[in-house]
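Visitor: Here is what each chain is made of, one letter per residue.
2 protein chains.
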Amino acid sequence: MSPSVVRIGLLGCGVVGQGFLKLLQERERLVRDSVGAPVKVARIALRDPGKRRECDLSGVHVGTDPLAVATAEDVDLLVELVGGESMLEPVRAALRRGVPVVTANKHLLALHGEELERLAAESKATIRCEASAGGGIPVLQAMDHGLRTENFQLLVAILNGTTNFILSTMERDGRDFAEALEAARTLGFAEADPTLDLSGADTAQKLSILVRRAFRMDVALGSIPTEGILGMELEDLRQADRFGYTVKLLGIALRHPEGLDVRVHPAFIPKRYLLAAVRDEFNGIYLRGEATGSMLFYGKGAGALPTAQAVLGDVLVTARECVSGVKVLGSPPRHDPERRLPLDMVRTKYYLRLMVEDRPGVLAQVAACLGSAGVSVAQMFQAEGVRGEASITILTHQARDRDVREAVKGISGLQTIRKSPRAVRIFDL
Amino acid sequence: MSPSVVRIGLLGCGVVGQGFLKLLQERERLVRDSVGAPVKVARIALRDPGKRRECDLSGVHVGTDPLAVATAEDVDLLVELVGGESMLEPVRAALRRGVPVVTANKHLLALHGEELERLAAESKATIRCEASAGGGIPVLQAMDHGLRTENFQLLVAILNGTTNFILSTMERDGRDFAEALEAARTLGFAEADPTLDLSGADTAQKLSILVRRAFRMDVALGSIPTEGILGMELEDLRQADRFGYTVKLLGIALRHPEGLDVRVHPAFIPKRYLLAAVRDEFNGIYLRGEATGSMLFYGKGAGALPTAQAVLGDVLVTARECVSGVKVLGSPPRHDPERRLPLDMVRTKYYLRLMVEDRPGVLAQVAACLGSAGVSVAQMFQAEGVRGEASITILTHQARDRDVREAVKGISGLQTIRKSPRAVRIFDL
Chain X
61 MSPSVVRIGL
71 LGCGVVGQGF
81 LKLLQERERL
91 VRDSVGAPVK
101 VARIALRDPG
111 KRRECDLSGV
121 HVGTDPLAVA
131 TAEDVDLLVE
141 LVGGESMLEP
151 VRAALRRGVP
161 VVTANKHLLA
171 LHGEELERLA
181 AESKATIRCE
191 ASAGGGIPVL
201 QAMDHGLRTE
211 NFQLLVAILN
221 GTTNFILSTM
231 ERDGRDFAEA
241 LEAARTLGFA
251 EADPTLDLSG
261 ADTAQKLSIL
271 VRRAFRMDVA
281 LGSIPTEGIL
291 GMELEDLRQA
301 DRFGYTVKLL
311 GIALRHPEGL
321 DVRVHPAFIP
331 KRYLLAAVRD
341 EFNGIYLRGE
351 ATGSMLFYGK
361 GAGALPTAQA
371 VLGDVLVTAR
381 ECVSGVKVLG
391 SPPRHDPERR
401 LPLDMVRTKY
411 YLRLMVEDRP
421 GVLAQVAACL
431 GSAGVSVAQM
441 FQAEGVRGEA
451 SITILTHQAR
461 DRDVREAVKG
471 ISGLQTIRKS
481 PRAVRIFDL
Chain U
61 MSPSVVRIGL
71 LGCGVVGQGF
81 LKLLQERERL
91 VRDSVGAPVK
101 VARIALRDPG
111 KRRECDLSGV
121 HVGTDPLAVA
131 TAEDVDLLVE
141 LVGGESMLEP
151 VRAALRRGVP
161 VVTANKHLLA
171 LHGEELERLA
181 AESKATIRCE
191 ASAGGGIPVL
201 QAMDHGLRTE
211 NFQLLVAILN
221 GTTNFILSTM
231 ERDGRDFAEA
241 LEAARTLGFA
251 EADPTLDLSG
261 ADTAQKLSIL
271 VRRAFRMDVA
281 LGSIPTEGIL
291 GMELEDLRQA
301 DRFGYTVKLL
311 GIALRHPEGL
321 DVRVHPAFIP
331 KRYLLAAVRD
341 EFNGIYLRGE
351 ATGSMLFYGK
361 GAGALPTAQA
371 VLGDVLVTAR
381 ECVSGVKVLG
391 SPPRHDPERR
401 LPLDMVRTKY
411 YLRLMVEDRP
421 GVLAQVAACL
431 GSAGVSVAQM
441 FQAEGVRGEA
451 SITILTHQAR
461 DRDVREAVKG
471 ISGLQTIRKS
481 PRAVRIFDL
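First to last, the protein sequences are chains X and U. Residues 61 to 489, numbered by my numbering, are exactly what the first sequence covers, in order. Residues 61 to 489, numbered by my numbering, are exactly what the second sequence covers, in order.
None of these hints come from the bench; they were simulated from the model. Heads up, the beta-carbon is just placed ideally off N, CA and C, and yes, glycines get one too. Treat the hints with care, since some could be wrong.
Unchecked claim - Here are the computed distance ranges between Cβ atoms for each label pair: (1) Q85(X) - S118(U): 38 to 46 Å; (2) K184(X) - P317(U): 44 to 52 Å; (3) R89(X) - A128(U): 35 to 43 Å; (4) D340(X) - H457(U): 25 to 33 Å.
Based on the sequences and whatever the hints tell you, model everything.
Guide: Right under this line is the structure:
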């Protein structure tokens, strides 16, 4: 079966969908030459077909049922741009029929990636999702093709534009968290409800997609320890700066002999790191491979056209496979059984900031909490505050994460502590 | 014709070749699964077959004639890792027979890329060269696959590890050029004769390869205005730092309505640019695309294993094509006719540094030279020197490159000038 035209079934026509249609039309000739046949949108499912759109849908069968599009006889390739879990059934249905899928849906891939890839393999279809992690950055295709044989040791990534914009704005303009969030909203970098971004959940979803490719391991989304940037104070960023660090919300995957250390949390990173220069709404994915060494991919993690371009990149390769009947590369690498290093056992440095009563003996109490948990102090500063308070900033040496958290719990319980300590991990390999 | 084993003819077995053999062996199973057949080295041409090597060549037909390997009946894929122009005939011969080529040879691609790609197209073969520009960074495959439909506006790249290491070392350690070059030699980042690197010629070769892909335009290597970093003084880096810049040797391609502006030269770039954080022996390729916006690829531009990994990435895709008889993507994009904006007409800012006699009227003479050439001054500083000399540092506003060079010529001719002015372009869009 080698179709003389590749017929796309498109689910959704929001800003990314409209961007995709625009690019598909503008690059028509190049697409046709590359694929070996024209690529046309045959069917489209819209939530509200009456809504005015910036694109020409003439000649396209417009409906409202995603499942009907996914199972239509005249659809060779499903492009899913609605997002969210409700798309699971249409995507499953297409793959079961052997119809390949291109999607930007990070929820779906993070929660059901393993099942969907298995379904695809069983029916000799494919599922590609470049736009789901790192937006316009062609990092998944690089891992699939040129870097397919690479053994990665480390992946550290800034994957959420909203939180990176907020942290960059706090740092650069000296604004507090609420002001920076408001600025992000004004510029369209934060949604009305930014919970998914601020909580780190969005980063965890994207991280799980990248980890599947880079480490050939299925990591259950719920198993990834995830902390967001809520509660981050301007004073923490100022302290970071003072010690030569900058603060980023990171997705981390690090291979240890005992297993893979996977986690999402804000972290102090040295200013000399290239990731420290990834600012504002941009994303950056740093990889360290056995053969290639250090590598960074940088670009826009969101936005209509960057995302649409990533989708078109996947469509090009997938449509070519439809026409030729041959996959770009054969069987995907086997996945290793999941072997994890629990966060409790990860060794890391910490930054701690405490507000204490300014009287004799307090420092000794704090030091005792750390010492009895086996956490040793690398640097400590005490500054006089107002109203009889003192501020203590501590940078620890490497210690087991569990031990530091236990020490922090102990410190929180001290009578002389005015406010829960701030604790941020330092990522400095 | 779908071979049950893909037989490689390998030219050269230096450090990259040995790295390639090592990776091919270690990743054997993954390579076989991806390609759909085993990939074996069948023949190898060595300059000195008697030399001891770290790799197992049992079962491989070892000879000394590259052309014999390129034309052998039992070779399905030619991997050329010798480098240099002498490989032109073997590569031509393979392509003429329809045997695809993977090469790391930047000389060959920069000088004969147009011809070799035409030969490949005529015989339905391919020529891939990921390792020839940006070493281990998978930027060419990204442009070929995921970013194939992107229209790039700008490419600015640090493509030479030797010069980047030298400039980084001068800047960080306050060492002069000769000391930094010596450090690069000691660490193996500079060859015994580093002329190709220091002159900018290596950067120009790699730039021409990247420009062909990114802008679909054949730019004759000899037509690229090229300046290296010879003559760069520590004082220039100090001045750059003072004004918020860092100094990098750049390959630049910038699309203007009048044509493509392509050039290689050292430049002051703002410290806030991500490229400013690309230090030491690393390479960085910054791209700006119509749809994707800003993007950066960062990694090792040289070294045995990074280069070998890039070669293996190309071999994977090419071997798969051998097995399936189908190209990953169809006809490559058509190339646009070469339309160039000559350097003379490019508008740019400049940094100038002069040593003049410290007496009245000198500043007026210098200002007159600039003014009569139509170059206006943005900032000017004069500092007292020793022996009746004064040092003048000037940052200009944007002006036509030709006009600035004319002004510099005028200044050089002044009686009161003690030494040829230093002139470095500022790249600040």
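Visitor: Identify every previously stated hint that the structure contradicts and give their numbers, smallest first.
Guide: Violated: hint 1 alone.
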